[in-house]
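Knowing the structure of chain A, use the given hints to seat chain B on it.
There are 2 protein chains.
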Amino acid sequence: MRCDLVTVGTELLLGFTVDGNAAAAGRALAAAGVRLEAHATVGDDPAAIRAAVAAALERTGTVVVTGGLGPTRDDVTREAVAELFGRRLVRDPALVAALEERFGRLGRGPMPEANLRQADVPEGAAVLPNRRGTAPGLWLEDAGGRVAVLLPGVPAEMRGLLEEEVIPRLVRRGEARTRAGAPAGGGTGGQGAAEPASPPTVIVSRTLRTTGISESALADLVGDPAPLLGDGVTLAWLPGPEGTDLRLTAWDLAAEQAGAALGRAAAALRPRLGAWCYGEDDADLAAVVLEALVARQARLAVAESCTGGLLGARLTAVPGSSRAFLGGVVAYDNDVKCAMLGVSAETIARHGAVSEAVAREMCAGAARSCGADAALAVTGIAGPDGGTPEKPVGTVWVAAGWGGRVRAFHYTFPGERDVVRRRAAQAALDALRRALSSGGED
Amino acid sequence: MRCDLVTVGTELLLGFTVDGNAAAAGRALAAAGVRLEAHATVGDDPAAIRAAVAAALERTGTVVVTGGLGPTRDDVTREAVAELFGRRLVRDPALVAALEERFGRLGRGPMPEANLRQADVPEGAAVLPNRRGTAPGLWLEDAGGRVAVLLPGVPAEMRGLLEEEVIPRLVRRGEARTRAGAPAGGGTGGQGAAEPASPPTVIVSRTLRTTGISESALADLVGDPAPLLGDGVTLAWLPGPEGTDLRLTAWDLAAEQAGAALGRAAAALRPRLGAWCYGEDDADLAAVVLEALVARQARLAVAESCTGGLLGARLTAVPGSSRAFLGGVVAYDNDVKCAMLGVSAETIARHGAVSEAVAREMCAGAARSCGADAALAVTGIAGPDGGTPEKPVGTVWVAAGWGGRVRAFHYTFPGERDVVRRRAAQAALDALRRALSSGGED
Numbered sequence: 032m033r034c035d036l037v038t039v040g041t042e043l044l045l046g047f048t049v050d051g052n053a054a055a056a057g058r059a060l061a062a063a064g065v066r067l068e069a070h071a072t073v074g075d076d077p078a079a080i081r082a083a084v085a086a087a088l089e090r091t092g093t094v095v096v097t098g099g100l101g102p103t104r105d106d107v108t109r110e111a112v113a114e115l116f117g118r119r120l121v122r123d124p125a126l127v128a129a130l131e132e133r134f135g136r137l138g139r140g141p142m143p144e145a146n147l148r149q150a151d152v153p154e155g156a157a158v159l160p161n162r163r164g165t166a167p168g169l170w171l172e173d174a175g176g177r178v179a180v181l182l183p184g185v186p187a188e189m190r191g192l193l194e195e196e197v198i199p200r201l202v203r204r205g206e207a208r209t210r211a212g213a214p215a216g217g218g219t220g221g222q223g224a225a226e227p228a229s230p231p232t233v234i235v236s237r238t239l240r241t242t243g244i245s246e247s248a249l250a251d252l253v254g255d256p257a258p259l260l261g262d263g264v265t266l267a268w269l270p271g272p273e274g275t276d277l278r279l280t281a282w283d284l285a286a287e288q289a290g291a292a293l294g295r296a297a298a299a300l301r302p303r304l305g306a307w308c309y310g311e312d313d314a315d316l317a318a319v320v321l322e323a324l325v326a327r328q329a330r331l332a333v334a335e336s337c338t339g340g341l342l343g344a345r346l347t348a349v350p351g352s353s354r355a356f357l358g359g360v361v362a363y364d365n366d367v368k369c370a371m372l373g374v375s376a377e378t379i380a381r382h383g384a385v386s387e388a389v390a391r392e393m394c395a396g397a398a399r400s401c402g403a404d405a406a407l408a409v410t411g412i413a414g415p416d417g418g419t420p421e422k423p424v425g426t427v428w429v430a431a432g433w434g435g436r437v438r439a440f441h442y443t444f445p446g447e448r449d450v451v452r453r454r455a456a457q458a459a460l461d462a463l464r465r466a467l468s469s470g471g472e473d
Numbered sequence: 032m033r034c035d036l037v038t039v040g041t042e043l044l045l046g047f048t049v050d051g052n053a054a055a056a057g058r059a060l061a062a063a064g065v066r067l068e069a070h071a072t073v074g075d076d077p078a079a080i081r082a083a084v085a086a087a088l089e090r091t092g093t094v095v096v097t098g099g100l101g102p103t104r105d106d107v108t109r110e111a112v113a114e115l116f117g118r119r120l121v122r123d124p125a126l127v128a129a130l131e132e133r134f135g136r137l138g139r140g141p142m143p144e145a146n147l148r149q150a151d152v153p154e155g156a157a158v159l160p161n162r163r164g165t166a167p168g169l170w171l172e173d174a175g176g177r178v179a180v181l182l183p184g185v186p187a188e189m190r191g192l193l194e195e196e197v198i199p200r201l202v203r204r205g206e207a208r209t210r211a212g213a214p215a216g217g218g219t220g221g222q223g224a225a226e227p228a229s230p231p232t233v234i235v236s237r238t239l240r241t242t243g244i245s246e247s248a249l250a251d252l253v254g255d256p257a258p259l260l261g262d263g264v265t266l267a268w269l270p271g272p273e274g275t276d277l278r279l280t281a282w283d284l285a286a287e288q289a290g291a292a293l294g295r296a297a298a299a300l301r302p303r304l305g306a307w308c309y310g311e312d313d314a315d316l317a318a319v320v321l322e323a324l325v326a327r328q329a330r331l332a333v334a335e336s337c338t339g340g341l342l343g344a345r346l347t348a349v350p351g352s353s354r355a356f357l358g359g360v361v362a363y364d365n366d367v368k369c370a371m372l373g374v375s376a377e378t379i380a381r382h383g384a385v386s387e388a389v390a391r392e393m394c395a396g397a398a399r400s401c402g403a404d405a406a407l408a409v410t411g412i413a414g415p416d417g418g419t420p421e422k423p424v425g426t427v428w429v430a431a432g433w434g435g436r437v438r439a440f441h442y443t444f445p446g447e448r449d450v451v452r453r454r455a456a457q458a459a460l461d462a463l464r465r466a467l468s469s470g471g472e473d
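Keeping their order, the protein sequence lines are chains A and B. First residue of the first sequence: 32, per the working numbering; consecutive thereafter. First residue of the second sequence: 32, per the working numbering; consecutive thereafter.
Just chain A, same shape as in the assembly (with noise of 0.2 Å):
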């Protein structure tokens, strides 16, 4: 199966709004096994929608459209797609009764005429019901099996009708095309006549999370990494200010044949990344950490001065983290740091805020103060301001209290305020990890 996509909104050229819809579309088809084969984004202008819906049916004879399904003057997506089609708007009683028992509910009066136009439905179409909103989703298909399908811009609702209401018809027609011999969705990738019916094929991908560790550094320890693929799986290097992601992706199997592809490659490669690595797909670093507390009955508290609160709120982001984090001091100001955590001001005078020894008596006085048997501290210099020729923007001290020890770490940090500060973040977390991990040796 293969299908195109146009999303249609004048604001989405304009760049007023970044087009999430179309990744999230992509996503969701691509691991249905419906490869998305082109994607085209156009204003709020009837002539260009219809070219786009033709050029995209000219081509995969399937095409998904978003937005433009709203009641303003600046909806035009169902009009311009029912003209293409050679289709009359017919008001349906059903969907105005519906937006009529909605419209009351939020006791705003009676409905403006403008809003009755969400009601209308191109002759002949499928009405595909919105539970999340009052633009119902549009099924088009014309005589010679050329489908158009219009849905709202709203993203969660695209989102949901998509997946629920989208992709099960799309999968279904495919597999049934597949059946009958006919190439699936009117492109090149289907099967012969004479063939028998292949299941269908999805694109899908596993992450590996590394953190710590330089892109280039992570691919000495990989070296060549064919041998460890295997046949229809490719690897993506992602580097980002946190770390370094390893997408794995299998192409174009059968949905079994792509998970086992993905679990050998995977299986194959994590060796290699060691302790490097911290977890898979959307694995979150406070989360695993916070998990490996709870295993040792282990509480945590923090003392933050340049994150200035970003580490004890990526370790709260995480549902349930009160199982293992108590809190802690924000002492962005260096008599907090010896008000509130002990730190002693002699400290400071000699080694400066931003010292091994600041941070190894901040995390002393985070873990006396809170009472916790794990502690963490950072001090850093996140720009712009601040710097000197011996502690540029970027230096960072961090250090992890677990087992009787407190490891101090240094860092210089390339990246602007924001990013020092999530790296900072990010060190933290990943000492800490370490530390529990080597049980309070090392």
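Any given hint might turn out to be false.
Ranges between beta-carbon positions, derived for each pair [said to hold, decoys possible]:
1) Ala211/A / Asp313/B: 52 to 60 Å
2) Gly402/B / Glu246/A: 29 to 37 Å
3) Ala298/B / Pro415/A: 32 to 40 Å
It is worth saying that the hints were derived from the structure and are not from the lab. Positions of the beta carbon are idealized from the N, C-alpha and C atoms, including for glycine.
Chain B in isolation, oriented as in the chain A frame:
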């Protein structure tokens, strides 16, 4: 001036990457008076790239293409577009030298032959130097004046080349065509030869930011916006978890007129919004609060329970925040609330940790322990667990201390854990903004 955009990358179609380049390009072009007419995304496939670029040139005569200029086999944009223009690729000695110099500097040994592909230039193309990366931009123009500009897909490199190299050339080109009486950009928007040249028009916007009030209540305050806006200016409502933005956009006016029209509309609209409006454009509420504190020579401390550091993180995200922000306590655990903020265990037992009384004691404790003039406290139930019929998930108490008074506010925020936390941090900042502007009175 009109133009098209083509973004190249199989990863974009699979949804592995959200296409932020399209929005960034749309914004930069619109602000310079270049209207993005349509945007297409295709995979790393020469035939698909050629078809999309050809369709774009047909439509507007000018196309910006991003992505597919890297050193790997997947990167085929250079070859595909050169073929479309009937040009062969020629290795540029200056680019080879620059690549070798850069490679040597990173100390990675001899450069692989594949990397030299980045020094290949379609015959007759202008090289746009890329000081942020290895792949230069390329400007191809055919005998008929049709232009394809190739830019790397790395966001910072794309944006830099677009703003520094491409847009100035496009604008000069548009001006030259307008003077010559030819349609700008090969499209229909140009001036007839008999008319005097008009200045180029722009599409620009100005945003008024509000918080603490629902979109519908705000709509009631504004009433009919039409008389406030003036000709050529529209209003868009953009509700989000942290407040509702009102975006004014001036369409197709000369730059000076557009600025004046936006200024008039903003001046007419702001009085309707009253104190709900805290700033314009990319104003950040944390920065607004910090400025107000600096103006009063006041220093702030925080006490956070459900936000767990988010409030401190937002404040310290602002460069220079140390002028007004001292720090505070992340009191996630009740014992930490008592030990470090002096909250009484009896108050917690009687009212619960999420209560007005505890918020007030946390606020007082933060001010006292940090020696601050102003203080904020947040305690709430972010979910997904911990809600009760009396205190459902989303229940939040905020206390704001300033000028010898502590004001407390109760909220029941809708949304998931992350949204409740973000709303709570925003509400706390807003409570202090209002307290500071009332001068301690109310």
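| request: Kindly confirm whether 52 to 60 Å is satisfied by the beta carbon distance between Ala211/A and Asp313/B. | output: holds, 55 Å
| said: Please check whether Ala298/B and Pro415/A have a Cβ separation lying inside 32 to 40 Å. | reply: For Ala298/B and Pro415/A the Cβ distance comes to about 33 Å; the hint holds.
| task | Just tell me: holds or violated, for the beta carbon distance of Gly402/B and Glu246/A against 29 to 37 Å? | result | At roughly 45 Å between Cβ atoms, Glu246/A and Gly402/B fall outside 29 to 37 Å, so the hint is violated.
Hint compliance for this structure: hint 2 alone is broken.
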